[in-house]
Amino acid sequence: MAKSGRPAKPQRDLLTIWLEAWRLWLFGALLGALLGFATYQLFPPPYRAQATVVVDHNLEEAWPAAEDRELFQFLGRETERLEELAWSDTVLAVVSEAGGINLGELRSGYLQLSHPSDGGWHFYALSQQPALAQTLASHWAESFVAAARAAVAVTPEMQILRAQLNSEAQKADPDLARLRELKEELAYLAEHTKGISPYVELYTAQLADVPTGRATGQGLHLFVGSLVGALLAPLWLTLAPRRPA
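Residue numbers (my numbering): 12 to 256.
Bear in mind the hints are in silico, worked out from the structure with no lab data behind them.
In this text, all values refer to a predicted model and were calculated from it rather than measured experimentally.
Yeah, the Cβ is synthetic: ideal placement off N, Cα and C, and Gly gets one too.
Heads up, some of the hints might be wrong.
Simulated restraints on C-beta separations [as the list claims (entries may be wrong)]:
(1) Val163 / Gly224: 31 to 41 Å
(2) Ala104 / Arg225: 21 to 31 Å
(3) Leu37 / Asp129: 39 to 49 Å
As a list, the in silico EDC-like pairs of lysine to aspartate or glutamate whose alpha-carbon atoms are at most 16 Å apart [stated by the list, open to error]:
(4) Lys194 / Glu81
(5) Lys205 / Glu168
(6) Lys194 / Glu72
Can you build the whole structure from these sequences, using the hints too?
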């Protein structure tokens, strides 16, 4: 007669083990937050100053009777030119002289540029010294605006084409073929003309009192630390040898 044995306990799956170890999750999150706080205190992030330049391309005046596709092409081309100008040696030389930092270092980590195509362009400067960060950001924005205004290119041919295009578009029955021809000529000249569009308006903002603060806040360090600590808990449970149930 076969001996009746005790039924074997079903082995718990990994998900069950994770859910039952909620205390370990909380402990990992708390420990991670403490490590994040210690890291922030021992190795604080640099200060970041922000200067703002407002850029208005005046698309309707620069490109009359244009379709959306043509406006986007014009806006992208002018934005690329302005961005290249912002990082040019001419602009950064002023910043370098004001902060006593060479151009290579400025491009490699001291300066950051964030901008939409049209609107507020934010010129950021990073430094362990808040006063230096403010100096770099404000001089960068001022130098950019001065260089952009000096680089404006006005060509009589483009002005004549714009006037003809605007005149043709305002007719009750415009000649579509003539409109297309004028747009193509204007697009060709705009692409091959060096310099900034005369319709772009730039002016600085927040230069007198440049906002300055840590590049990353303490709250972010606490959140990342707690998240990493909480995620390490299930990893430890997965890799640790499990005792039979």
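These are the hints, each one checked on the structure:
no. : hint                        : verdict
1   : Val163 / Gly224: 31 to 41 Å : holds, 35 Å
2   : Ala104 / Arg225: 21 to 31 Å : holds, 29 Å
3   : Leu37 / Asp129: 39 to 49 Å  : holds, 48 Å
4   : Lys194 / Glu81              : holds, 9 Å
5   : Lys205 / Glu168             : holds, 14 Å
6   : Lys194 / Glu72              : holds, 14 Å
Checked against the numbered hints above, the structure violates none of them.
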